[in-house]
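Sequences are here, hints too, so could you generate the full structure?
Number of protein chains: 4
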Amino acid sequence: MSTNKVNAAIVGSTGYGGVELIRLLASHPYVEVTSVISSSSEGTPIAEGYPHLTEIRTDLLDGVDPQAIRAKADVVFLATPAGIAAKLVPDLLEAGLKVIDISGDFRLKSPALYEQWYKKTPADENLLAQAVYGLAEVYGDRVADVDLISNPGCFPTASLLGLIPAVAAGWIDPATIIIDAKSGVSGAGRGASLGTHYSELNENFRAYKINKHQHIPEIEQVLTDIVGKPVTTTFTTHLVPMTRGIMSTMYATVIGGRTDKDFVELYSQYYEGRKFVRVRPEGKWPMTKEVWGSNYCDIGFSVDERTGRVTIVSVIDNLVKGAAGQAIQNLNLMMGWDETLGLQFVPVYP
Amino acid sequence: MSTNKVNAAIVGSTGYGGVELIRLLASHPYVEVTSVISSSSEGTPIAEGYPHLTEIRTDLLDGVDPQAIRAKADVVFLATPAGIAAKLVPDLLEAGLKVIDISGDFRLKSPALYEQWYKKTPADENLLAQAVYGLAEVYGDRVADVDLISNPGCFPTASLLGLIPAVAAGWIDPATIIIDAKSGVSGAGRGASLGTHYSELNENFRAYKINKHQHIPEIEQVLTDIVGKPVTTTFTTHLVPMTRGIMSTMYATVIGGRTDKDFVELYSQYYEGRKFVRVRPEGKWPMTKEVWGSNYCDIGFSVDERTGRVTIVSVIDNLVKGAAGQAIQNLNLMMGWDETLGLQFVPVYP
Amino acid sequence: MSTNKVNAAIVGSTGYGGVELIRLLASHPYVEVTSVISSSSEGTPIAEGYPHLTEIRTDLLDGVDPQAIRAKADVVFLATPAGIAAKLVPDLLEAGLKVIDISGDFRLKSPALYEQWYKKTPADENLLAQAVYGLAEVYGDRVADVDLISNPGCFPTASLLGLIPAVAAGWIDPATIIIDAKSGVSGAGRGASLGTHYSELNENFRAYKINKHQHIPEIEQVLTDIVGKPVTTTFTTHLVPMTRGIMSTMYATVIGGRTDKDFVELYSQYYEGRKFVRVRPEGKWPMTKEVWGSNYCDIGFSVDERTGRVTIVSVIDNLVKGAAGQAIQNLNLMMGWDETLGLQFVPVYP
Amino acid sequence: MSTNKVNAAIVGSTGYGGVELIRLLASHPYVEVTSVISSSSEGTPIAEGYPHLTEIRTDLLDGVDPQAIRAKADVVFLATPAGIAAKLVPDLLEAGLKVIDISGDFRLKSPALYEQWYKKTPADENLLAQAVYGLAEVYGDRVADVDLISNPGCFPTASLLGLIPAVAAGWIDPATIIIDAKSGVSGAGRGASLGTHYSELNENFRAYKINKHQHIPEIEQVLTDIVGKPVTTTFTTHLVPMTRGIMSTMYATVIGGRTDKDFVELYSQYYEGRKFVRVRPEGKWPMTKEVWGSNYCDIGFSVDERTGRVTIVSVIDNLVKGAAGQAIQNLNLMMGWDETLGLQFVPVYP
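Protein chains in written order, with the numbering used here: chain A, 1 to 350; chain B, 1 to 350; chain C, 1 to 350; chain D, 1 to 350.
Simulated from the structure, these hints should not be mistaken for laboratory data.
Don't take every hint at face value.
Computed list of lysine-lysine pairs in DSBU-like fashion (alpha-carbon distance at most 35 Å, straight line) [said to hold, decoys possible]:
1. D:Lys-229 to D:Lys-275
2. C:Lys-119 to C:Lys-72
3. D:Lys-209 to A:Lys-209
4. A:Lys-212 to D:Lys-209
5. C:Lys-261 to B:Lys-120
6. D:Lys-212 to A:Lys-261
These numbers come from a predicted model, not from an experiment.
Following this line, the structure appears as structure tokens:
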């Protein structure tokens, strides 16, 4: 495709990922969202459930019908819960749509692994093979012109962008990698439960799904691809009493006596020309608020001579770079556009 | 002036108002910020104190020199603490700059009132008379082509937009108006103090400056202008444990048996064609989050037959519609542009 | 009853009010909680749903059986949702239990009003007449030795303690009272819903149930009792992004030119000897955090000569003075004990 | 000493640690706080700066005078900033006072290490040798009857209680220990700064002092003592947008194929009879809120067969078990009393 105008549909518009796509695409110069879709609220205006969209989005929510979507759109974003995209994608592709899947259904190449970690029926193995994993700064050159992009998970995005340059350079021992990740609560979606009840989370900090999170095999799959041999990692997720933001604090044993300065240089080179990764100077580490509402991933380092380990801090906004923003970045790359189109906003601070 | 390109300078760039102007103007199609100015940090990059601007704003902070500003800019925004603009403005106008003052120095027409409520030396009386009060949806037609705009305060913006249509129509008794206002903490600026210390404000709700807030005479001055005779009001400010957002909950005795529906219609007509005021349908009231990060002011009503009073709820983002956003809206109006230029973003939710 | 040992049962132990009773009663010198009761979780340890009670409360939850309760307890606290206590109380009284109802079922003397505002079936009219409204500092002398105490609502407690001395003294005009109330989210209980979902409430401030809240008739009933003729009031509730705490900011026209100092003296006299109401000196207003976790109600004033109105600020912890704490205070008064027994803890700060 | 009545003084009463000591000691059956001391606010009532203490603590703050303290008290708690206690303690001991130091001045046995990590002048080496490190559940038997107790740091308390049983049993490799710690903001004290400014911390998550925190040598000193040979560890601190609570998430390679169940049993045995450590059953990990306001330290485990590592989660309230609470526990042990005296309160939830 080479055009300067794309019509897009969003399936799962009433979730936080979907509504963030609406927000971001509203200022994309080449994309028009022609259909917002929700299987549960078809026929109602989206502003009924999301009054912040009053007078901004006045059309009614559509149902999930591949042919009808194709009649309105060229590209469809899937911001659906796990297990839905696996079923929908064949018909969407069949209808001639480009698909960018934000759910996790097409990330793991192995159906068995998917089933083990997601406890859902996996997508067709051929489609899994066909889907391109859209970690934009690493695999961005693979998504041009493809039909099916699998958008990375929020934790994998923050973690992998923080690890890959060092892993690829052989500067850290992959066997020693430990990822301690923290996320704002919006990552859990809009479904109400005791686990996301205000009075339970406010003034509270908790770990969850320790050693059981479905992003573990996703991270390992990529690291294994980079290293060229199997990598396992320790990964822990925590819930922070805030709405947006992910920090991955990562630990690994350094090979070859590198310094903070070395890491800053290595990463600066690796990400040269990629606007959305910002490498912090020596002795500085990013905070989640510094990327809030934006598509940036900011990274900082601390090598400790005493222990021989490096601590890498990587932050993103889970709903932007960790979901809707990177999906749009992938659309840009797929279309051959500048990857920053529609995403050039400044983080909201404070 | 009639041009499609304006160079702007920001004095007070290292405060929250200044940094918000930088954020918003970064996506304005006709404005370039050519000078970011700070008397306290001249010569350093702004990203040093605000790392979220890393690689976005790499120039060094300028000092406060009217001639140097004029050499770089056509318009200057003053996002300075109270008492500074009063001194700066004469030289800035003299240098041939257009001035939009976000501080409160030019809001009150009476120097005596300013001195009484602000405890600072007032600006020159002629300049006070010259300054146009830029409450965009009410006085927007007065700012075209003027040299000095006084941007309204955050509380007055939320409160007056919620009151004026009813006051102007004679539907509520001005003598009975009570304004109970609540603000996020960013309104207090970036200066560290016990009163803005995290552990003191988190999980806390407090009132402050009861009957003493400097926005009281500003609100009364405008209401008096609308009504045509002196109005005094009761106004209370509270601090909410959140960063952004203002809600004014307002009470007044209804004249003439109006219903919720009547109020919705009255306000919808009053604000017809003004994109940034959204009137909620009967039985719905806006929350602060529904305008977060945007230039909207959302308003809702509840008439109580039992008491004969109406409760009006009005919300804004204090740093956008309550400061930087409305300042840009005023620039747009001053330049004869569409008032929404550079401000058409969707509120960030959640 | 005159004894120094009481066995207590708690119905609704798995709600926030119930679990707060458990916390507070754990340090009461004369009360032992012999049965924690939950209709929904009978037979399981309460620490399963509330791990903070691990090793503190290891017995299993009992079911709701009046005879079984009587076998274990002398007094029963009802911390149940609206509509339950109305049905339970006859059998509990019949079984010989003293009842302290924390739900709203026995607060309104008029069954019709209850039905109108609560949308539930009211309790028996004779029982409603029999129930003593336990606003401890005002009606505390009425609860001695009674069988059925109706514990006041959280908003009424904060509001009435802040209004009654002035209303009783004829210092403010009851017809002009406006109550702008704000509450932490725990007041909404533990039931998960979109309205209490973390990402929706964090960094947000909202009004709800404007002019429709069921605490309105409760407040009016008491004010009417104090004044001796019908009083209607305007009352608005807001949700603050915090867990605990209520502030009522109240407005009324002052009669007879009283000053801040006059109000401080009047209230200090009215509450003399009552440890749980603290009147702040002139020019000082309490914050919610200053009573956090404690049974205090703190009150401050600001008379405005310009408008002739007084602003009264009253704060409580909604789960303590607004629920479990005042219920225990009522038990103390009912038993003829010092009202502060088991409640003499310092607010948790910060 | 063997008595059932102790008079206590608190130096540094106007800090968060001091004011928490006041809160907790108010309900201690054997201790009376006879002097609250502040070098900066001598002669004023403490409730002026801490209105939550209104009518609770009405005496005036004393100055720092060892003889005057001795005239009023038997024991003195030092809740002072780093560097103060080192200077004060000789005179306090000389005056015949028992001293419990909550600052870090007496934790490190090596003056050189203290100087390196604290950047302050160390205490006298003999006094450092004399001071007993009061990690109550590990070294509690050493504090009986001593004159100088050094209360452990907040992070070391959470981390060491979570590590020591496994380290002592040889179940984890000390060389592989990585501690990822998170703290509420109250740990930073009451001093206002940009780093603790509400608008900067709210809706934000940050790391700080990576590999530079002064609690690193404290943790290593204890682990070295337990293991019997030098241990270095990787330790990172983060700031959570909440007031109270610490979580240490800790990683280490397991030796000998132990399971979650094994860890639960090992820790349950190690802490048998110690009320303030609660070991969670398999598959459960504590949240910070579950110990909020209390002296508990709760611990949970997850062994990952895939990586051969264990993840240990340990939580405390930084101001209680991490400061004032453990200091009182140490007083109890020093006096030969039950260690739980005055500390038997239930965590505040929610």
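Please name the hints from earlier in the document that this structure breaks, with their numbers sorted from lowest to highest. Checked against the structure, no hint fails, so every one of them is satisfied.
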